[in-house]
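Protein chains: 2
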Amino acid sequence: MSEQNIFTDDRKGQAEAWFRDFRDQLCSALERCEDDTSGPNGMSDLAAGRFERTTWNRGGAADQARSGDDVMRGGTDGGGGVMSVMREGRVFEKAGVNVSTVSGEFSAEMRERIPGAKDDPRFWASGVSVVIHPRSPHVPAAHMNTRMIVTTSGWFGGGGDLTPVFENDAETAQFHAAYKSACDAHSDVADYDKFKAWCDDYFYLPHRQEPRGVGGIFYDNLNTGDWEADFAFTQDVGRAFGDVYPALVRQKFDQPWTDEERQAQRIKRGRYVEFNLLYDRGTLFGLKTGGNTDAILMSMPPDVAWP
Amino acid sequence: MSEQNIFTDDRKGQAEAWFRDFRDQLCSALERCEDDTSGPNGMSDLAAGRFERTTWNRGGAADQARSGDDVMRGGTDGGGGVMSVMREGRVFEKAGVNVSTVSGEFSAEMRERIPGAKDDPRFWASGVSVVIHPRSPHVPAAHMNTRMIVTTSGWFGGGGDLTPVFENDAETAQFHAAYKSACDAHSDVADYDKFKAWCDDYFYLPHRQEPRGVGGIFYDNLNTGDWEADFAFTQDVGRAFGDVYPALVRQKFDQPWTDEERQAQRIKRGRYVEFNLLYDRGTLFGLKTGGNTDAILMSMPPDVAWP
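Protein chains in written order, with my numbering: chain Y, 20 to 326; chain W, 20 to 326.
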């Protein structure tokens with residue numbers, strides 16, 4: 020066995036508690052957006068959207084929820100999570116926030132691919148993942164996640180990215196600046212330029228020769244040896260999203276839209292579907308190894324067009 | 020080289036001419052449906068739908084159109100086709116009929132996988148492919164194709180399948196009976212039970228544990244040594260579809276639908292998207308080898324929901 024793993028049980032508890040706390044903060048911030056909009060295009064007739072929570076158990080009715088965000092599917096065993104979904108809100112047509120903590124053993128095939136799993140297939144993983152599809156074509160869609168994974172080794176991963184229908188330079192700059200600040204505040208462990216490029220590289224549709232959105236950051240296998248520093252950075256990645264995304268939403272959420280703009284959004288969402296089903300590693304892995312389909316495909320947009 | 024190939028230039032010409040003729044017959048039959056409906060749910064306010072034709076050249080602006088229906092993408096070279104698309108009809112929300120004849124050389128990787136291509140990578144291929152997404156949730160979606168491929172060997176392939184939103188035993192039986200008649204009339208070369216099972220096996224979504232639709236027939240690599248008989252069967256596979264599908268459409272095309280039925284259709288179409296992007300061999304191969312994306316994804320439904 021390896022030397023003492025710095026990803027201790029106490030630290031697992033700290034991470035898990037933080038992911039839950041972040042979920043609560045983010046859901047509240049998004050629900051406040053629902054309360055505060057004037058409701059363009061008649062949306063104020065709708066009730067302000069609220070998240071509904073569903074608890075699920077691994078091996079039970081549902082499996083790990085967000086696509087692309089974890090490597091735990093395909094293993095065996097325990098744990099579970101809470102999936103929070105808002106549907107048909109004034110601002111958010113569909114938004115999902117999933118927190119999960121699972122443990123078990125990786126399959127033989129996975130052991131070869133996962134750091135630290137070759138000689139001991141046991142793993143523990145906890146994380147939060149978020150996919151948001153706003154109703155307004157002026158409000159950008161978004162995705163984020165952070166996670167901690169423990170084998171005989173351990174690491175953090177995560178990131179966030181923005182998918183506007185109509186790109187707006189100021190909005191894009193504001194989003195990137197939030198992540199740059201988070202990275203720069205943790206420059207001992209985080210490399211903004213590298214993480215930004217990693218995101219651009221991952222969220223790309225070769226068959227369209229199009230990026231999925233305007234990017235953000237993406238990182239994985241982060242273990243500098245300083246657990247506290249890596250965890251602090253991961254928390255700030257979450258906080259950056261939790262601060263900047265609702266702010267971006269509020270800049271646009273009262274702005275009315277036309278049918279043509281809505282149709283452009285529905286077409287753009289088709290690209291999101293294409294990415295998730297053709298390329299997203301977590302989605303494909305989950306669907307092809309018996310993960311819970313409804314949970315994995317919670318990320319799919321509610322209303323899509325290929326005209 | 021092999022002995023004299025029975026897939027002669029004269030026979031290529033016969034097949035190509037027939038695929039075009041079938042396209043004309045089918046498009047006319049579908050346009051007559053557009054003319055003849057009373058237009059439930061206000062659809063008679065729309066102009067009767069018409070197919071618009073776009074000519075494309077291989078290596079030019081577009082590549083082979085229908086997903087899943089040919090193995091020509093990824094090779095090099097010449098030829099092209101005509102894509103006929105009807106959009107926003109009274110009956111057909113989106114329908115595509117593509118005829119193509121292409122030739123060239125298979126890539127090194129493909130040579131190993133394609134019968135008769137190992138020592139001589141040249142190929143010729145011609146075919147017709149059809150994807151129909153009706154507006155009414157009562158009218159089933161449908162897909163069909165037939166093709167002839169020539170290497171140092173040669174063969175026919177094709178089939179058709181039906182995807183209703185609400186399964187109706189009589190309708191399903193009528194569809195299957197049409198293909199059974201076509202196969203039984205050519206029992207020297209066609210095995211209905213085998214071709215039906217092949218279709219069921221192919222159009223299945225493991226992650227949903229659901230068939231895509233109610234099936235039909237699917238066959239490939241058909242070369243019994245009697246070209247005339249194989250071609251006659253392939254023609255009857257096309258004719259069977261061309262007769263039965265418009266008849267099924269007419270049984271339901273004046274029947275009004277509810278918003279709930281429409282939503283069920285939009286969700287069912289999501290399954291169609293999932294199948295095409297996750298499993299359909301032609302779609303994946305085409306998109307990942309630089310085929311023309313717009314043409315390949317012409318099969319995608321126009322209006323889809325993942326609520």
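In case anyone wonders, no lab produced these hints; they're calculated from the structure.
The reader is advised that the hints may include incorrect statements.
For identical chains, the list gives no copy identity; a pair is met inside one copy or between any two copies.
Claimed, not checked - Derived EDC-like pairs: lysine to aspartate or glutamate, alpha-carbon spacing no greater than 20 Å straight-line:
id: 1; residue 1: K31; residue 2: D322
id: 2; residue 1: K137; residue 2: D220
id: 3; residue 1: K137; residue 2: D239
id: 4; residue 1: K213; residue 2: D255
Okay, the hints, checked on the actual structure:
Neither within a single protomer nor between protomers do K31 and D322 lie at most 20 Å apart by alpha-carbon distance, with minima of 38 Å and 44 Å respectively. With identical chains, the CA atoms of K137 and D220 are never at most 20 Å apart, being 28 Å at best within one copy and 36 Å at best between copies. In this assembly of identical chains, K137 and D239 lie within 20 Å of each other by CA distance solely inside one copy; the values are 19 Å within and 43 Å between copies. In the homo-oligomer, the alpha carbons of K213 and D255 lie at most 20 Å apart inside one protomer (17 Å), although the nearest pairing across protomers, at 59 Å, exceeds that limit.
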